[in-house]
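Participant: Build out the structure end to end from the sequences listed, making use of the hints.
Next come the chains, spelled out residue by residue.
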Amino acid sequence: MDKNLLLTSVEMAQFASTGFLRFDNLVPRELCEAAHEEMSTGKIRRRAPMGSPFSESWPDEAIGKVFRLPKVAAIIHSLVGPNPRYDHHAAHLTPANTRKGANLHQDAEYDIRDLHFDIQISFFPEDTPLESGGTLFVPGTQFRRVHEAEIKRYQNIIGQVQAICDAGTMFFWHTNIWHSARSNFTDRDRYMFKLRLNPTVRQQRLWNTDDLDSPEVIQKLNQKIPWHGQRHRIELMNRIKFWRFLTGDPTFDMALWWGRVENTPDVIVQGG
Amino acid sequence: MPETQLRQKLLFLYLGNSSLESEVVGWSYYDGTTDEMFEAAGEDAEPPYNSVLDAMRDGWRVIQVPFIKAPQVGREYENDYLDFEFVLEKMEVIDG
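Chains as they are written, first to last, in this note's numbering: chain A, 1 to 272; chain B, 1 to 96.
Calculated from the structure, these hints are not laboratory results. Check the hints yourself; a few may be wrong.
[To be verified] Taking lysine-lysine and the DSS-like style, the derived pairs with C-alpha atoms no more than 27 Å apart in a straight line are:
1) A:Lys43 - A:Lys100
2) A:Lys241 - A:Lys3
3) B:Lys9 - B:Lys90
4) A:Lys100 - A:Lys224
5) A:Lys71 - A:Lys3
6) B:Lys9 - A:Lys100
7) B:Lys90 - A:Lys152
8) B:Lys90 - A:Lys100
9) A:Lys152 - A:Lys100
10) A:Lys194 - A:Lys71
11) A:Lys152 - A:Lys224
12) A:Lys65 - A:Lys3
13) A:Lys224 - B:Lys90
14) A:Lys3 - A:Lys194
15) A:Lys224 - B:Lys69
16) A:Lys65 - A:Lys194
17) B:Lys69 - A:Lys241
18) B:Lys69 - A:Lys152
19) A:Lys43 - A:Lys71
20) A:Lys241 - A:Lys224
21) A:Lys43 - A:Lys3
[What the hints assert, rightly or not] Derived, one-sided and incomplete: chain B residues facing chain A with beta-carbon distance under 7 Å:
22) Gly16
23) Gly26
24) Phe67
[Stated by the list, open to error] Okay, the calculated beta carbon distance ranges per label pair:
25) A:Asp166 - B:Gln8: 39 to 45 Å
26) A:Asn263 - B:Lys90: 50 to 56 Å
27) B:Gly74 - A:Met50: 32 to 38 Å
28) B:Asp54 - A:Leu256: 36 to 42 Å
29) A:Arg153 - B:Thr34: 35 to 41 Å
30) A:Asp249 - B:Tyr81: 27 to 33 Å
31) B:Thr34 - A:Gly159: 26 to 32 Å
32) B:Glu21 - A:Thr41: 54 to 60 Å
Cβ atoms here follow ideal geometry from the backbone N, Cα and C, with glycine treated the same way.
Facilitator: Laid out in structure tokens, this is it:
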């Protein structure tokens with residue numbers, strides 16, 4: 001694995017804060033077209049058994065080549081490590097002129113792991129303008145424990161990010177992120193290829209940690225997400241806990257958020 | 001003969017804190033006066049009001065304020081749904 005292709009610590013800190021990373025134009029247009037052809041003609045039929053090594057998926061198909069691109073493979077490695085497990089995939093189709101309405105949801109309420117996490121990758125094989133209704137993501141929702149589609153009542157949240165992108169763009173996201181497909185107002189069908197992967201190793205320092213001490217890491221971890229409102233401090237504490245997990249450093253802290261509440265001295269001083 | 005009827009519009013405003021003057025961090029709109037389907041506004045959308053108080057000054061009636069409660073013991077560091085959900089209504093006369 002080329003170290004220079006792995007995520008940086010600053011990028012990982014961004015992931016820890018917002019729960020997703022976006023990379024534009026990761027996949028060459030020609031490969032996008034080949035993958036799109038496979039999706040639209042139903043050729044992505046070789047479905048590896050759930051739980052099998054991802055390396056065994058789609059050895060000959062264009063979609064397999066997409067995920068074996070060096071940069072794509074390096075990002076996957078940074079988040080879930082070597083030899084991830086295939087969970088499932090879906091070539092999500094939103095047909096031309098389809099109204100979606102409100103459908104914000106979180107995928108996996110049954111996944112109550114505290115710190116370990118799966119990733120999902122959203123790959124957009126075609127140019128996805130606003131009116132074609134690419135996925136809407138809500139940054140900073142990865143630590144929220146909600147029951148799948150029970151958040152459907154929420155139509156808009158400040159800071160929501162819609163996938164408005166060129167062909168070849170990918171979003172790598174923590175599986176707990178709230179998201180929603182949007183209506184396709186165009187005359188063209190829209191595909192979004194979604195892939196879920198499970199780690200098979202401890203998710204610790206799997207990225208390029210050369211910049212771990214960069215002040216920008218702390219800036220990313222400290223960033224305020226406007227919709228958190230009064231909950232910002234609790235979100236921050238969860239973020240610190242997650243960074244401790246990712247870095248394997250149980251003492252990591254910012255501004256004594258955990259250091260304060262973990263401070264329960266037992267030293268008895270004679271004479272008080 | 002057309003019959004005049006009252007229909008309800010509901011506006012859900014999610015605030016950053018319990019005060020009705022707190023900033024809006026999310027919103028939803030359900031309009032019982034029309035058959036039109038709602039569309040989410042997208043990433044550049046601005047909320048319809050800056051606060052619940054602003055909406056009240058524009059004629060919206062508050063019909064529900066959120067209950068403020070302490071976290072359960074052992075769940076002090078858990079977050080889940082949006083906390084401060086205010087429900088507002090406007091009644092509108094339509095020709096039935």
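Participant: A separate judgement is required for each hint: does it hold in the structure or not?
Facilitator: Hints, one by one, checked against the model:
| no. | hint | result |
| --- | --- | --- |
| 1 | A:Lys43 - A:Lys100 | 26 Å, holds |
| 2 | A:Lys241 - A:Lys3 | 26 Å, holds |
| 3 | B:Lys9 - B:Lys90 | 5 Å, holds |
| 4 | A:Lys100 - A:Lys224 | 30 Å, violated |
| 5 | A:Lys71 - A:Lys3 | 10 Å, holds |
| 6 | B:Lys9 - A:Lys100 | 21 Å, holds |
| 7 | B:Lys90 - A:Lys152 | 22 Å, holds |
| 8 | B:Lys90 - A:Lys100 | 26 Å, holds |
| 9 | A:Lys152 - A:Lys100 | 12 Å, holds |
| 10 | A:Lys194 - A:Lys71 | 18 Å, holds |
| 11 | A:Lys152 - A:Lys224 | 24 Å, holds |
| 12 | A:Lys65 - A:Lys3 | 20 Å, holds |
| 13 | A:Lys224 - B:Lys90 | 34 Å, violated |
| 14 | A:Lys3 - A:Lys194 | 26 Å, holds |
| 15 | A:Lys224 - B:Lys69 | 24 Å, holds |
| 16 | A:Lys65 - A:Lys194 | 15 Å, holds |
| 17 | B:Lys69 - A:Lys241 | 25 Å, holds |
| 18 | B:Lys69 - A:Lys152 | 23 Å, holds |
| 19 | A:Lys43 - A:Lys71 | 25 Å, holds |
| 20 | A:Lys241 - A:Lys224 | 16 Å, holds |
| 21 | A:Lys43 - A:Lys3 | 34 Å, violated |
| 22 | Gly16 | 2 Å, holds |
| 23 | Gly26 | 4 Å, holds |
| 24 | Phe67 | 15 Å, violated |
| 25 | A:Asp166 - B:Gln8: 39 to 45 Å | 43 Å, holds |
| 26 | A:Asn263 - B:Lys90: 50 to 56 Å | 52 Å, holds |
| 27 | B:Gly74 - A:Met50: 32 to 38 Å | 33 Å, holds |
| 28 | B:Asp54 - A:Leu256: 36 to 42 Å | 37 Å, holds |
| 29 | A:Arg153 - B:Thr34: 35 to 41 Å | 19 Å, violated |
| 30 | A:Asp249 - B:Tyr81: 27 to 33 Å | 31 Å, holds |
| 31 | B:Thr34 - A:Gly159: 26 to 32 Å | 28 Å, holds |
| 32 | B:Glu21 - A:Thr41: 54 to 60 Å | 56 Å, holds |
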